[in-house]
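Colleague: Sequence:
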Amino acid sequence: MTQQHQPHGFSARGVAGAESASDATASSGSDISRADTTVRDLPQATVTRLATYLRVLGVMADDGTIIVSSEELATAAGVGSAKLRKDLSFLGPNGVRGVGYDVTRLRARIEAALGLDRGHQVVLVGVGSLGQALARYGGFGRRGFTMVGLFDRDPGRIGSTVDALAVRDVAELEAACRELDATIGVIATPDESAQEVCDLLVNAGVRCILSFAASPLDVPKHVEIRRVDLAVEMQVLSFHSARNAESEPAAASAAVGLRTARSASTGSDSTTNGSVMAP
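Heads up, the sequence shown is in the UniProt record's numbering, so the first residue is 1 and it goes up one at a time.
These are computed hints drawn from the structure, not numbers from a lab.
Any given hint could be a false lead.
Here are the simulated lysine to aspartate or glutamate pairs, EDC-like style, with alpha carbons at most 20 Å apart [as the list claims (entries may be wrong)]:
id : residue 1 : residue 2
1  : Lys86     : Glu111
2  : Lys86     : Glu72
3  : Lys83     : Glu72
4  : Lys83     : Asp41
5  : Lys86     : Asp41
6  : Lys221    : Asp199
7  : Lys86     : Glu71
8  : Lys221    : Glu196
9  : Lys83     : Glu71
10 : Lys221    : Asp41
What follows is a set of in silico ranges between Cβ atoms, one per label pair, in the way DEER data are often shown [claimed, not checked]:
id : residue 1 : residue 2 : range
11 : Ser89     : Asp117    : 18 to 24 Å
12 : Asp41     : Asp199    : 26 to 32 Å
13 : Ala231    : Thr48     : 19 to 25 Å
Each residue gets a CB set at the ideal place from its N, CA and C atoms; glycine is no exception.
With the hints as constraints, model all of the structure from the sequences given.
Modeller: Here it is as structure tokens:
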């Protein structure tokens with residue numbers, strides 16, 4: 001479950017400019033910086049899928065893949081190829097018909113569209129079990145996010161280190177955000193402290209906030225906030241689990257009925273044109 005302030009789209013940078021077949025097979029995306037840049041409004045669903053494509057492309061690059069077709073990328077991302085091509089059209093011309101997409105080039109274009117090429121400095125407030133797990137997650141750095149500050153108000157945690165970062169007092173948060181040039185704040189505190197911490201981040205000039213608090217937080221319109229409610233996500237999983245459990249017996253029963261019908265129809269009543277009619 002998310003809370004956000006851009007329900008109609010996402011302002012991102014799309015890269016225009018045609019590609020030749022030789023461009024598609026080049027291993028470098030260095031010419032992207034010379035391409036014309038336009039600002040496009042991406043639907044939120046497209047932004048989410050672009051992040052998925054980026055993750056898949058990263059795996060492919062690690063495996064040594066140089067060129068990928070739209071069908072291969074769509075299958076790996078779990079979407080239809082037509083939807084993938086529509087999503088990528090927001091970035092301007094990319095692949096070449098009959099050749100495919102250059103993995104390195106496409107990764108760079110998606111990173112630019114999502115603003116990842118600029119890099120982000122992340123501060124995390126609340127160094128409990130969840131906060132420590134987030135602080136130790138190595139995937140952030142590979143995706144353009146650098147954890148630069150950890151904060152807590154528990155005297156037992158202040159001064160300790162998590163993944164080589166010292167935990168600082170929340171009282172220092174505002175000044176530290178300016179000092180560290182923080183661009184994203186993560187709130188992993190108890191719910192009763194979340195709004196106070198959110199206000200400190202906003203006052204410090206942080207314009208993007210990720211909150212794990214169960215309740216929505218009040219922020220100014222110019223601040224983008226996303227809320228992850230783990231309990232809600234598990235409830236959604238529970239719903240799908242229950243639905244699948246109910247549909248499995250029905251599907252099995254239908255399959256048995258179909259096999260029985262086919263068996264019974266062999267040599268039985270027929271239509272006038274000689275085709276078998278199932279009872």
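Colleague: With reference to the structure, classify each hint as holding or not holding.
Modeller: So, going through the hints one by one against the coordinates:
1. Note on Lys86 and Glu111: the hinted pairing holds, with a Cα-Cα distance of about 17 Å set against a maximum of 20 Å.
2. Our distance criterion of 20 Å between C-alpha atoms is met by Lys86 and Glu72, whose separation comes to about 15 Å.
3. The suggested pairing of Lys83 with Glu72 holds, with an alpha-carbon distance near 13 Å, which does not exceed 20 Å.
4. A hinted pair counts as satisfied when its Cα atoms are at most 20 Å apart, and Lys83 with Asp41 qualifies at roughly 17 Å.
5. Distance hint between Lys86 and Asp41 is fulfilled; the C-alpha atoms sit about 13 Å from each other, no more than 20 Å.
6. Restraint check: the Cα-Cα separation between Lys221 and Asp199 comes to about 13 Å, which is no more than 20 Å; the hinted pair holds.
7. Using a Cα cut-off of 20 Å, the hinted pair Lys86 and Glu71 holds, with the two alpha carbons roughly 13 Å apart.
8. The hinted pair formed by Lys221 and Glu196 meets the criterion: a straight-line CA distance of about 17 Å does not exceed 20 Å.
9. Distance restraint check for Lys83 and Glu71: the Cα-Cα separation of roughly 11 Å lies within the 20 Å cut-off, and the hinted pair is therefore satisfied.
10. At most 20 Å may separate the alpha-carbon atoms for a hinted pair to count; Lys221 and Asp41 meet this at roughly 18 Å.
11. The hinted range of 18 to 24 Å is satisfied by Ser89 and Asp117, whose Cβ atoms lie roughly 20 Å apart.
12. About 30 Å separates the C-beta atoms of Asp41 and Asp199, a value consistent with the hinted range of 26 to 32 Å.
13. Range check, Ala231 to Thr48: about 21 Å between beta-carbon atoms, so the 19 to 25 Å window is met.
Comparing the model with each numbered hint stated earlier shows that all of them hold.
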